[in-house]
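Colleague: If you want the building blocks of each chain, they are given just below.
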Amino acid sequence: MASSWISPPTRTELIENLVSGVDRYNPSNVGILEDYLYHQTRTQEYDCLANLAILKLYQFNPDLYNPDVVIHILIKALGASPLPDFNLCISLLDERPVNASLDEDDPLPALLPVLNGLHHLLYRCRFPAFWRAYRSDQLSNLRDNYTVECAGFEESIREIVVRAVKSTFTRIGTDRLSLYLDLESPEDLKAYIDKLRWTMNSDGTVVSIPPNPDNQIEAIVVQESIKLPQLTKVISQAAKP
Amino acid sequence: MSRPTLWSTADMDEDLADAVDAELSMYAQQGQNPTIYDQLGAQIEQLEPFLAMQQHMAALAAVPDVVKSFIVSFHQAILNRDLPSITMFYTTTFPKLTDRFYSRVEWPEPEIIAPLLSSSEATEDQIHIFLVLYRDLYYRHVYSRLQPNIDDRFHSYENSCELFNYLLNSPSSADDESDEPAPVDLVLPEQWLWDIIDEFIYQFQVFCSWRSKVKSKTEDQLVMLADGTGVWSSYSVLNVLYSLIQKSKINEYIIALKEEQGKDDARSAEEIAESISPYTALPLYRTLGYFSVLGLLRVHVLLGDFTLALKVMDQVGEFLLGGSGFGAKANKSSLTALPALPATHISTHYYVGFCYMMLRRYPDAIRIFVTVLNFFQRMQRMRSYSGYERKDQYDQIAKTADRTLALYAMCHSLVLPGSPFTRLDDNITNTAKERYGDQMSRMSKGGSDALVAFEELFLYACPKFINANSPPYDDAEAIASLLNADPPESTEGTSPISTDPTQRHLRLFLASAGALSPLPTLRSFLHLYTSLTTEKLSSFLESVKVSEPDQEAAEGAEAEEEAIQEMMVLKQNSRSLSRVAPVQGKGNDSSSSGFSATGSLLDGEMISTSDLNFVIDDKTIHIAESTVGRRYAGWFIKNTERSQRVLDEIRGSPFPVPKVKIASGQKPGGPGAETANGSAAETTQKKAPTKTVAWGGAGMRTSVDGQ
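Keeping their order, the protein sequence lines are chains A and B. All letters in the first sequence, in the order written, are residues 1 to 241 by UniProt numbering. All letters in the second sequence, in the order written, are residues 1 to 707 by UniProt numbering.
I should point out that these hints are in silico values taken from the structure, not numbers from a laboratory. What you are looking at is a predicted structure, and each value in this text was computed from that prediction instead of being measured. Note that CB positions come from ideal geometry on N, CA and C, so glycine has one too. Just to be clear, a hint being listed does not mean it is correct.
Cβ pair distances, simulated, as ranges [as the list claims (entries may be wrong)]:
| id | chain 1 | residue 1 | chain 2 | residue 2 | range |
| --- | --- | --- | --- | --- | --- |
| 1 | B | Asp151 | A | Asp144 | 53 to 59 Å |
| 2 | A | Asn26 | B | Ser481 | 43 to 49 Å |
| 3 | B | Glu477 | A | Arg163 | 28 to 34 Å |
| 4 | A | Ser20 | B | Phe101 | 49 to 55 Å |
| 5 | B | Leu528 | A | Gly31 | 37 to 43 Å |
| 6 | A | Pro211 | B | Ser275 | 18 to 24 Å |
| 7 | A | Pro107 | B | Met606 | 31 to 37 Å |
| 8 | B | Ser539 | A | Val114 | 51 to 57 Å |
| 9 | B | Asp449 | A | Asn212 | 36 to 42 Å |
| 10 | A | Leu231 | B | Glu649 | 20 to 26 Å |
| 11 | B | Gln261 | A | Asn66 | 44 to 50 Å |
No more than 35 Å apart at the CA atoms, straight line, and that leaves these computed lysine-lysine pairs for DSBU-like [claimed, not checked]:
| id | chain 1 | residue 1 | chain 2 | residue 2 |
| --- | --- | --- | --- | --- |
| 12 | B | Lys215 | B | Lys399 |
| 13 | B | Lys258 | B | Lys213 |
| 14 | B | Lys96 | B | Lys399 |
| 15 | B | Lys536 | B | Lys638 |
| 16 | B | Lys399 | B | Lys213 |
| 17 | B | Lys217 | B | Lys258 |
| 18 | B | Lys536 | B | Lys464 |
| 19 | A | Lys227 | B | Lys258 |
| 20 | A | Lys166 | B | Lys391 |
| 21 | B | Lys213 | B | Lys68 |
| 22 | B | Lys638 | B | Lys619 |
| 23 | B | Lys536 | A | Lys195 |
| 24 | B | Lys391 | B | Lys433 |
| 25 | B | Lys213 | B | Lys249 |
| 26 | A | Lys166 | B | Lys536 |
| 27 | A | Lys195 | A | Lys166 |
| 28 | B | Lys258 | B | Lys445 |
| 29 | B | Lys249 | B | Lys433 |
| 30 | A | Lys227 | B | Lys619 |
| 31 | B | Lys619 | A | Lys190 |
| 32 | B | Lys536 | B | Lys445 |
| 33 | B | Lys399 | B | Lys217 |
| 34 | B | Lys213 | B | Lys536 |
| 35 | B | Lys536 | A | Lys233 |
| 36 | A | Lys227 | B | Lys464 |
| 37 | B | Lys445 | B | Lys433 |
| 38 | A | Lys190 | B | Lys536 |
| 39 | B | Lys464 | B | Lys217 |
| 40 | B | Lys445 | B | Lys619 |
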């Protein structure tokens, strides 16, 4: 689980060396990492640690700072909820020098509260509210300029929904699910459900979710397990003549 | 006469350039540094040399004789590489003299005491390095007891650079012409080495927070800061730590140790070290390298990079944190190969645990905190721990432990009530309740009051975060606008990027904690049922108004929807990444098996952290609880071992001579037999008191051994 987060299988050797070595502090490598980020936005791949390395370089070298890159990193991190990626990125956004923000329009200060709000809705599983907010007129700037470039952004949000739903439900009402997934037409929903290999009942009101470790519950009585090392003293006593 | 060794400004420029290890080249803007040192040097040069000399002589005369002889012997001990004496001078004599003569004033300046050293047969280099070490103590004393001024801040940085440069880039020997650096022949106690690294980072952190307060600076300070942007820069600090790690090859050494473990013909730690590099062969470098890894952990946390902080611990972490406690048995052989100081142990666990907390991996955080708090309690019980009779050091440790306890209290409230992780160690939980009972009860209730409690504890217990960069002192215009700016509230407004890094981290943490605040109430309702409808649940929730105040009053279907979304949050938060798959039996068996399997600190498996599990079947919630069955094994094992020991003792004792006086030793069984043979006991009633004491004593001892 965590290992693909620490080192996604799609990460190339070049990036791996940058992320794991001291070369990550070399400002001249920022281009490579930024290219890698754009590659991620185009391909639905995601590499949190590589993106954090970009933010780290920005932290140490404020003159490298590129607000568009930061926004794309945050959008990518949104899709990783409920993992703490988004917060980890924000943690690295140091205070911006005053003069840098005066020079030209920095879109980040305006968008950051918006992204924060979206992240908060996702983290609290307020999916319908998330879609409402995301589709609202106020956020047209974010949609038209940023998320549109991020291939599969909406898809990644739906995956968050799927993860939450499939661990919580064995059966869920179709209306509710369509609201969560923001798939209003029954055909779209049907196609999506089929892709997941979930099943809909005959009158199309309830979707059944196949069993998985999280939606199987049973009352367990935890029994103690005795490990051999605990018994070494006793056993070694028995071995004595 | 003393001046050239002290203010050889040409050397300093070199030092700074050299400090950038070529293979590492940290790309700092070091180039700007020399100017400031030139200036500093020039200012001092302006002083009339003879006048200064006279003043020094007078000042030296004023130094108490006992201090003078201390300095001479201290110097001699370092020349002789006499570790026990150095340790004694460092840990005992120096603090004692500080208390006696210098509790309110600086130690004599290095220039003043320098003439004392030249009488011995030391070379100029040796005198020089002693003065560097002396200055390290001198500045540390200034930072801890007095108020450092801007000169102290700049000079302590420069002295640290000089020291590290000496360690990293000294030429192999005086007669060897090659420029290849070689290890220096210096012996210092581990505690001192830890203090060097620890203080280096501490001074960096203090400087950064001092630097970020633009408004309180005087004109002179502004000028100096404008010129000295490279002083205490994040890059230079990281550079030192990475260079020490790389020179000492500490990670390679640890990997080699690990590989060697379990082999039959395992080489000794010394042999392994020698095979790696001439630097690794010396304990001085190994220790510094190891402490630098721990130092990096701390610097990364201060800069807000929690993943990188854990990543640098990849190799070291398993050794330090692998076992169940200090001197863990599982890794004993390797642990002894690395220094283990209580201060190191506690500080490292504090930072690692904090990282886990910020990564929302509360079970891991709790486990780390429990380990170290147990260690601290044991340490408290033996206050006379060698080397820690010094009150200030002990106080430092106690303070970190107290903050760790506060973090523990927070994590305890963040894993849901009833989670096995709240019961990991009842003893620590009780200690936390005694200390932070008020906050803990508020945190567990949820709602806005809980957030206030979280905020209180977070601000008390969090590390002192810093900004990576200086305010733009070198940009006169920008700094002027900062100086004239209104208080930050009005300019920053609602922007989530706060100027104060602590506030930024606090807000992130509170957002995470706040999302969990309705869950305890939700859980308490679920706890009562094995199944209930979502409708019913939402009506319960309505009645207690757990929903956040920012949500408009929800009704009917909306309230139900709200409840269901909250259920998903609950589900989501009863899962967590954990470095160790839970050992369900908990308690005694947390030591070996569970821990050794996982490697890096970032690694982990998804585990369930809750004892209450549920699933929603369309409109019905089904609930199942896990309970822990009674545990007998520990009790049986303990008592088997105890009776076994008693039996052994009896077997081992000499056959009793049939004399009334010694007849008491004749007792044929353990304590249990006492009642069975009641009649026999009665016959020797007269001697009974002594006998019971003897048995009681044995019993006491075994029970102590048993645990």
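Colleague: Now, for every hint given, state plainly whether the structure supports it.
Modeller: Tested hints:
At roughly 55 Å, the beta-carbon separation of Asp151 of chain B and Asp144 of chain A lies within the given 53 to 59 Å, and the hint holds. Taken as a hint, the range 43 to 49 Å is violated for the pair Asn26 of chain A and Ser481 of chain B, whose Cβ atoms sit roughly 32 Å apart. Under the hint 28 to 34 Å, the C-beta atoms of Glu477 of chain B and Arg163 of chain A, about 50 Å apart, miss the expected range. The hinted window of 49 to 55 Å between Ser20 of chain A and Phe101 of chain B holds, with their beta carbons roughly 50 Å apart.
For Leu528 of chain B and Gly31 of chain A, the hinted distance range of 37 to 43 Å is not satisfied, since their beta carbons lie about 59 Å from each other. Range check, Pro211 of chain A to Ser275 of chain B: Cβ separation about 54 Å, and the 18 to 24 Å hint is violated. Between Pro107 of chain A and Met606 of chain B the beta carbons are some 36 Å apart, a value that agrees with the proposed interval 31 to 37 Å. A C-beta distance of roughly 34 Å is found between Ser539 of chain B and Val114 of chain A, which places it outside the suggested range of 51 to 57 Å.
Range check, Asp449 of chain B to Asn212 of chain A: about 37 Å between beta-carbon atoms, so the 36 to 42 Å window is met. With their beta carbons about 21 Å apart, Leu231 of chain A and Glu649 of chain B fall inside the hinted range of 20 to 26 Å. One distance hint, 44 to 50 Å for the beta-carbon pair Gln261 of chain B and Asn66 of chain A, holds here, with the actual separation near 47 Å. For the hint pairing Lys215 of chain B with Lys399 of chain B, the CA-to-CA distance comes to about 30 Å; that is within 35 Å, so the pair holds.
Under the criterion of a C-alpha separation no larger than 35 Å, the hint pairing Lys258 of chain B with Lys213 of chain B is inconsistent with the structure, at around 46 Å. Between Lys96 of chain B and Lys399 of chain B, the direct Cα distance comes to roughly 22 Å. Compliance with the 35 Å bound is thereby established for this hinted pair. The suggested pairing of Lys536 of chain B with Lys638 of chain B is violated, with an alpha-carbon distance near 49 Å, which exceeds 35 Å. Between Lys399 of chain B and Lys213 of chain B the CA atoms are separated by roughly 26 Å; this keeps the pair inside 35 Å, and the hint holds.
A hinted pair counts as satisfied when its Cα atoms are at most 35 Å apart, and Lys217 of chain B with Lys258 of chain B does not qualify at roughly 51 Å. Straight-line distance between C-alpha atoms of Lys536 of chain B and Lys464 of chain B comes to about 47 Å, which puts the hinted pair past the 35 Å bound. The hinted pair formed by Lys227 of chain A and Lys258 of chain B meets the criterion: a straight-line CA distance of about 24 Å does not exceed 35 Å. With a C-alpha separation of about 56 Å, the suggested pair Lys166 of chain A and Lys391 of chain B falls outside the 35 Å cut-off, and the hint is violated.
About 40 Å separates the Cα atoms of Lys213 of chain B and Lys68 of chain B, which puts this hinted pair outside 35 Å; it is violated. Using a Cα cut-off of 35 Å, the hinted pair Lys638 of chain B and Lys619 of chain B is violated, with the two alpha carbons roughly 50 Å apart. Between the alpha carbons of Lys536 of chain B and Lys195 of chain A the distance comes to roughly 33 Å, so the proposed pair stays at or under 35 Å and holds. Between Lys391 of chain B and Lys433 of chain B the alpha-carbon distance is near 26 Å, which keeps this suggested pair within the 35 Å criterion.
A hinted pair counts as satisfied when its Cα atoms are at most 35 Å apart, and Lys213 of chain B with Lys249 of chain B does not qualify at roughly 38 Å. At most 35 Å may separate the alpha-carbon atoms for a hinted pair to count; Lys166 of chain A and Lys536 of chain B meet this at roughly 22 Å. The straight-line distance between the Cα atoms of Lys195 of chain A and Lys166 of chain A is roughly 14 Å, inside the 35 Å bound, and the hint therefore holds. Between Lys258 of chain B and Lys445 of chain B the CA atoms are separated by roughly 46 Å; this puts the pair beyond 35 Å, and the hint is violated.
With a C-alpha separation of about 43 Å, the suggested pairing of Lys249 of chain B with Lys433 of chain B is violated against the 35 Å cut-off. A threshold of 35 Å between alpha carbons decides the hint, and for Lys227 of chain A with Lys619 of chain B the separation of about 43 Å lies outside it, so the pair is violated. Distance restraint check for Lys619 of chain B and Lys190 of chain A: the Cα-Cα separation of roughly 21 Å lies within the 35 Å cut-off, and the hinted pair is therefore satisfied. Among the hinted pairs, Lys536 of chain B with Lys445 of chain B is consistent with the structure: their alpha-carbon atoms are about 22 Å apart, no more than 35 Å.
Between the alpha carbons of Lys399 of chain B and Lys217 of chain B the distance comes to roughly 30 Å, so the proposed pair stays at or under 35 Å and holds. A C-alpha spacing of about 55 Å is found between Lys213 of chain B and Lys536 of chain B, which places the hinted pair above 35 Å, so the restraint is violated. For the hint linking Lys536 of chain B to Lys233 of chain A, the alpha-carbon distance of about 55 Å lies beyond 35 Å, and the restraint is violated. At most 35 Å may separate the alpha-carbon atoms for a hinted pair to count; Lys227 of chain A and Lys464 of chain B exceed this at roughly 42 Å.
Proposed proximity of Lys445 of chain B and Lys433 of chain B is supported: the alpha carbons are some 15 Å apart, at most 35 Å. With a C-alpha separation of about 30 Å, the suggested pair Lys190 of chain A and Lys536 of chain B falls inside the 35 Å cut-off, and the hint holds. Taking the CA atoms of Lys464 of chain B and Lys217 of chain B, the gap is near 21 Å; set against the 35 Å cutoff, the hint holds. Under the criterion of a C-alpha separation no larger than 35 Å, the hint pairing Lys445 of chain B with Lys619 of chain B is consistent with the structure, at around 28 Å.
Checked against the numbered hints given earlier, this structure breaks hints 2, 3, 5, 6, 8, 13, 15, 17, 18, 20, 21, 22, 25, 28, 29, 30, 34, 35, 36; the rest are met.
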